[in-house]
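**Q** Residue strings, one per chain:
There are 2 protein chains.
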Amino acid sequence: MRRSIATVCLSGSLVAKMHAAAAAGFDGIEVFEPDLVASELSPEEIRALAARLGLSLDLYQPFRDIEGVTDELFRDGLRRAEAKFVVMNRLGVDTMLVCSNAGTATIDSDEVSAAQLRELGDLAARYGVRLAFEALAWGRYVDDYRRSWNIVELADHPQVGLCLDSFHILSRGHDPAAIEQIPAEKIFFLQLADAPALSMDVLSWSRHHRLFPGEGSFDLPAFLAHVLRAGYTGPLSLEVFNDTFRQTDVGRTAVHALRSLLWLEDQARRAMGDAGGLLTDIEPPTGFDFVEVKAEDTGPVEVVLGQLGFAFRGRHRSKPVNLWTSGDARIVLNEQQARDALPHLSAVGLRVDDDAAAARRGAELMAPAVHRRTYASEVPLEAVEAPDGTEIFFGGGSTSGWVEEFRGGSGASGGLVLGVDHVNLAQPWQYFDEAVLFYTSVLALDAQTGVEVAGPRGLVRSRVMSSPGSAVRLPLNVVPPVDEHGPASQHIALVCSDVRQVVREARARGLAVLPVPTNYYDDLQARLGIDAELRRELEQLDILYDRDADGEYFNAYTQTIGHVFFEIVERRGGYGGYGATNAPVRMAAQQR
Amino acid sequence: MRRSIATVCLSGSLVAKMHAAAAAGFDGIEVFEPDLVASELSPEEIRALAARLGLSLDLYQPFRDIEGVTDELFRDGLRRAEAKFVVMNRLGVDTMLVCSNAGTATIDSDEVSAAQLRELGDLAARYGVRLAFEALAWGRYVDDYRRSWNIVELADHPQVGLCLDSFHILSRGHDPAAIEQIPAEKIFFLQLADAPALSMDVLSWSRHHRLFPGEGSFDLPAFLAHVLRAGYTGPLSLEVFNDTFRQTDVGRTAVHALRSLLWLEDQARRAMGDAGGLLTDIEPPTGFDFVEVKAEDTGPVEVVLGQLGFAFRGRHRSKPVNLWTSGDARIVLNEQQARDALPHLSAVGLRVDDDAAAARRGAELMAPAVHRRTYASEVPLEAVEAPDGTEIFFGGGSTSGWVEEFRGGSGASGGLVLGVDHVNLAQPWQYFDEAVLFYTSVLALDAQTGVEVAGPRGLVRSRVMSSPGSAVRLPLNVVPPVDEHGPASQHIALVCSDVRQVVREARARGLAVLPVPTNYYDDLQARLGIDAELRRELEQLDILYDRDADGEYFNAYTQTIGHVFFEIVERRGGYGGYGATNAPVRMAAQQR
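So the sequences go chain by chain: A and B. Everything in the first sequence is counted per our numbering, starting at 8 for the first residue and increasing by one. Everything in the second sequence is counted per our numbering, starting at 8 for the first residue and increasing by one.
Isolated chain A, as found in the complex:
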């Protein structure tokens, strides 16, 4: 289907927005009137630029306050509309978005609204313009698409049809199923937006917090399926007002936006039972293949890994890269081309069934491919770059031979650490929503409900991306903007069956565990009523503890090395969390 985007979704000038939309691969745009008004290009110049860029101008929007009004206001509205029809003719746009009246309506009557739209339709016909009438969620009287459809039916005019907007329908909790009863030729336009579950007035929610499909809490695949079942064949168009996207790089946001639309169309087709979706089908990853830390000198990380019982597995036969392992945990230490001199998380390898399919899907979703220097004899690894710059490798299966390229180390992997439990990735605040979509669409992970943790320098938003069964868990943390020098938020959590034993042995090898204050243990005992013996043991070993209805969580932290630290985790029963209640204690200790 044709894909379109409203210029209000993007930052910068109208010209910059058009270039970005075309470069990303959109077929068309909605012209947001204030963007046109502020532009130095004439309508004819914009039309010519769009033609050169291969963009259609799909919609002129918005036109307000035209129905449900007194005759005097309506006459003035006709005058306003005619001036806009002239502009639309100059632009070559044939559809205008007409919003239900939220400002000046005084007449609560479908018949009056229909008559006024019919008369506007007569005027529009003279300019070859179609009117797509949309029920705003905060319309004075018309705030439900079933009512706007009734008005359009009553208007019974060839130039008068509907605009459907997922936000206006789903934010109000209206059932979209009745869309299927609307004749396709009367659905003139479709606008798509997601949004987080927020309890606030719908106008502020809409103006500031809309998200691209797949990033919020609306079931957009089901919504789109209803519209497609109605027979709609017009453009799928994004209209997302969002404070963050307005500020970020326009080219990046355009790619991000198109990715959401590709994902949505694929999901909707699958929801409709179309086996061949738009995108290559993949299964979620089944585990961590490796985690890579880069630095100019990875020596300090090797010291800690040795203390944690990891074995040096070998040095790469052609590159300054070392591999350390314990159980299934493989840590790659890379001294090549580090973007920062200090140790930092640079890549995560995930085990997938079909690495070629995963890479193909990544390319279809415009995930930047990662190109690392390889040698003919080496195992080729497919990889994409996540929004925060972390490289995600597709491993497992046919590529598992990469480990054999490391030579000279011990073959033993008998440490107490059994594998990687989760990897925390710090996200710049402006890329957080993009990251959520990236991990759900490109990697088929599920986004869990977000939480907020109070750190010493501001709230840390956290949302976990995980595979079914939680073999892969990637908590994404958003660090407060001013907290660049605060506690590190990226870390590798290693799982074991006895964290107390790991800490004891690591200490014997010289590891400095992150100290936990006595006050924490006083509170733990008060809160959870753990017995004095357990409390003493945990306190002595600087181990934190959490418990929920399903099980228990024991964990300890290393000191931060550069920008990264390690967590040792023991899970008992079905505990599925990450000890979030203890995070403020950890961050305060790291800040000291």
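One should not assume that every hint holds.
[What the hints assert, rightly or not] So, partial list: chain A residues that the calculated Cβ filter (under 8 Å) puts toward chain B:
{"id": "1", "residue": "96"}
{"id": "2", "residue": "98"}
{"id": "3", "residue": "216"}
{"id": "4", "residue": "258"}
[To be verified] Covered by chain A, per the in silico footprint, the following chain B stretches (three or more residues, Cβ under 8 Å):
{"id": "5", "segment": "87-98"}
{"id": "6", "segment": "151-165"}
{"id": "7", "segment": "186-200"}
{"id": "8", "segment": "269-275"}
{"id": "9", "segment": "527-533"}
[As the list claims (entries may be wrong)] Pulled from the structure, derived: some chain A residues nowhere near chain B, Cβ distances all over 12 Å:
{"id": "10", "residue": "91"}
{"id": "11", "residue": "97"}
{"id": "12", "residue": "252"}
{"id": "13", "residue": "304"}
{"id": "14", "residue": "334"}
{"id": "15", "residue": "349"}
{"id": "16", "residue": "371"}
{"id": "17", "residue": "568"}
{"id": "18", "residue": "579"}
Treat the hints as calculated values from the structure; they're not laboratory data. Nothing here was measured: the structure is a model prediction, and the numbers come from that model. Ideal placement from N, C-alpha and C gives every residue a C-beta, glycine not left out.
Following the hints, put chain B in place on chain A, whose structure we already have.
**A** Leaving out everything else, chain B in the frame of chain A:
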């Protein structure tokens, strides 16, 4: 009265918070339990540190989920409470905040809640602890202070009293007048917080958006007056959860917080008819005395002022400072100690009745005094520094002789510009609320309702500080965080009686007015139906136009010089705005 602050209001470690509170001048603090839990200091060490800093520990908070519960949960609650009483004894805190149950309550009965608080009171008595029971706005059953008071009355226990929190009462719209009927000895604690008018769930509103008194929309002076009339003599304590304050410099936030409390106590005393408030009484400023622009080379600004018809009034007899005037508008161009090489707004002089009183009030409210190099023979000017670094001078009256220190220019001031209409100050986002309080408390300006304007790189929040009658208007603009290189947001708006004539003459002198696109005039004509003749004239002169029910606004802009630009304004009738609808057009033009 004693002044206190909850540690949750401040960023950093508990030790850093205590130092900052003491340095600002607070008498005491509320110990927020998570801050204690995360601290490496023992309760005894914290007690000793507080004693050394001269801080009392006024409250231990919060204790949750203790009333309205089953007997089993209540027994576990007593165990939890006793452990906390032990900690409180070690800290030397004698009052605990007990929140109404928002989590585990299953019994909706004042009698049961009272009986449980009574039993907890018996236990507390053994530790010398008092319980201050607070109705949370989102309490499961107890969400109104009148109900928590009923429960406290029923409990009828010397250790059980009330905690009143302005947020929990005013956010629900509850009438605080009944507070006056509560016996003073039963009001154990008072927490104060303001908040903006937001329509969202009260828990999120409370957790993220509280403000210090004077910054939001609650009538806190009236609220405090009710509490004082009840006879309350305990501490006035701030409890403000706010995403921004958690991130900003702790010392700065503590001063800002204390300023709000001093202002509030002063306002409350005046509301109670106490003529001698806490602070020196002042009248709002009556006009602009001057505006200062600093730069290494102010020459380019002088060129523009000359084009606008300003006259060079003279050079300061002892400093590299020039004065240009037109009508009542005085622009000081200063080449001393510029914090930036490029032209920028550095100071605003305001006319006040009593400059000594204004300076005294500034000092009482801990506004940083400005010290400029002066010479014995010069007129001394009192000044304070605003949160964004702008220096605010108190002029007029006895100090008006400063103009006579400028020599060698023309005496003529017969330009078409008549005075300064308003001065827009760009605010870093993290200091915006502090700035609102600064201008209302230190300068006695009124904060108008805020607006948001869509700029090409994000939304710009704007709020106008103005004097009665609007002789002084200071719009504060918050620039989006990433928009450091975007359009300038600080400018000087000059008023005249005929903006068309000013632009014509300025152009004849070579001024390049900011160009306004033709699309703007097309839209203007469509929107407002102005006649073709006026449209042609405005378009030819690049003048923008707005209209409201009270009058009209004509304005034009100069190009930006360094970080500052000028606006020429003509107001007709009672138009009181700033042409906000045109701001996106202006910003887009500046971005080009």
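**Q** Please check whether the beta-carbon of residue 371/A is more than 12 Å away from every beta-carbon in chain B.
**A** Residue 371/A is indeed farther than 12 Å from all Cβ atoms of chain B, at 30 Å.
**Q** According to a criterion of three or more residues whose C-beta lies within less than 8 Å of a C-beta of chain A, is the segment 527-533 of chain B covered?
**A** holds (count 5)
**Q** Against chain B, does residue 304/A hold up as non-interface, every C-beta pair farther apart than 12 Å?
**A** Non-interface label stands for residue 304/A: nearest chain B Cβ at 31 Å, farther than 12 Å.
**Q** The output says residue 91/A does not contact chain B. Does that hold with a beta carbon cutoff of 12 Å?
**A** Nearest chain B Cβ is 6 Å from residue 91/A, so the label is violated.
**Q** Is the hint on residue 98/A kept, meaning its closest Cβ partner in chain B is under 8 Å away?
**A** Because about 11 Å separates residue 98/A from the closest Cβ in chain B, which is outside the 8 Å limit, the hint is violated.
**Q** Tell me whether the statement that chain A covers the segment 186-200 of chain B is true, taking a Cβ distance below 8 Å and needing three residues at minimum.
**A** violated (count 0)
**Q** With d taken as the least Cβ-Cβ distance between residue 579/A and chain B, does d exceed 12 Å?
**A** 22 Å, holds
**Q** If I take the minimum Cβ distance from residue 349/A to any residue of chain B, is it greater than 12 Å?
**A** Given that every Cβ of chain B is farther than 12 Å from that of residue 349/A, nearest at about 23 Å, it holds.
**Q** For residue 568/A, is the shortest CB-to-CB distance to chain B above 12 Å, so the non-interface label stands?
**A** 21 Å, holds
**Q** Tell me if residue 216/A is really an interface residue toward chain B, meaning its C-beta lies closer than 8 Å to one of theirs.
**A** Violated, because the Cβ-Cβ distance from residue 216/A to chain B comes to roughly 11 Å (cut-off 8 Å).
**Q** Can we keep the residue 96/A interface hint, with Cβ of chain B closer than 8 Å?
**A** 13 Å, violated
**Q** Per the stated criterion, does the least C-beta distance between residue 252/A and chain B lie above 12 Å, as a non-interface residue requires?
**A** Nearest chain B Cβ is 9 Å from residue 252/A, so the label is violated.
Checked against the numbered hints above, the structure breaks hints 1, 2, 3, 4, 6, 7, 8, 10, 11, 12 and satisfies the rest.
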